[in-house]
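With these hints in hand, go ahead and build the complete structure from the sequences.
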Amino acid sequence: EAQVTQNPRYLITVTGKKLTVTCSQNMNHEYMSWYRQDPGLGLRQIYYSMNVEVTDKGDVPEGYKVSRKEKRNFPLILESPSPNQTSLYFCASSLSNIKPYGYTFGSGTRLTVV
Amino acid sequence: KNEVEQSPQNLTAQEGEFITINCSYSVGISALHWLQQHPGGGIVSLFMLSSGKKKHGRLIATINIQEKHSSLHITASHPRDSAVYICAVENYGGSQGNLIFGKGTKLSVKP
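As you go down the protein sequences, you meet chains S and X in turn.
The first sequence: position 78 = 78 (the working numbering), numbered continuously.
Remember, the working numbering sits 1000 above the position in the second sequence when you count from 1.
These are computed hints drawn from the structure, not numbers from a lab.
Check before you lean on any hint, since a few could be wrong.
Quick list of in silico lysine to aspartate or glutamate cross-link-like pairs, EDC-like style, CA-CA up to 20 angstroms [said to hold, decoys possible]: (1) LYS1103/X / GLU70/S; (2) LYS1055/X / ASP1081/X; (3) LYS1103/X / ASP59/S.
Which chain X residues stay away from chain S? Per the calculated CB distances, all over 10 angstroms, these [what the hints assert, rightly or not]: (4) LEU1011; (5) THR1012; (6) GLN1014; (7) SER1026; (8) LYS1055; (9) LEU1059; (10) ASN1064.
Just the calculated beta-carbon pair ranges, DEER-fashion [as the list claims (entries may be wrong)]: (11) GLU79/S / GLU1067/X: 43 to 49 angstroms; (12) THR5/S / PRO1008/X: 32 to 38 angstroms; (13) LYS71/S / PRO1079/X: 27 to 33 angstroms; (14) ASN7/S / GLY1016/X: 36 to 42 angstroms; (15) ILE77/S / GLY1042/X: 19 to 25 angstroms.
We put the CB at the ideal spot given by N, CA and C, even for glycine.
See below:
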């Protein structure tokens, strides 16, 4: 089944403890992206990747890191999480960002930083 | 002013009613997406449009590029249609293809 898999689904952590949210797609998609969703603000892009080893900042990149060493994986890294990073996170992928292809979203990761 | 505006923010309907959700945008776009988010969080892509009209089952999406407006219609609504519907616009080809999202329309269909 074609899908984007995010893990974990739920995570509660403490301020300053490094964490990684994984994202993997099995569709050979070139484009991958991370979003966060907050009440009243909607979905906002954190980082995106147009292909292996090509990543760039979205609208709200502060406090986050990403890497794209393989086509299928695009992990989101929080080196020193803070409470303002409590949010619902989504990974998404698309075949390419050069033409209009649809997006496939992961199931989401609900992160709470205390 | 937000680049993507949806209306209404909240919508309650009785089962069987015809529903319309509107999306207006102020930027140039290459494509417009309609997404569905059920309680519990997952996001599903319903439609991608760059012109005209698309239909899938009881859902119909239209776009008017000149007026920068799109509508999502649900015919014969059902309680399982209860979800948040999100409009997102995309400008690709030279840029990163970033999606700009509306804040969503929360639909509740009562039996």
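Going back to the hint list, which numbers does this structure go against?
-> When the structure is compared with the hints, numbers 1 and 13 turn out to be violated.
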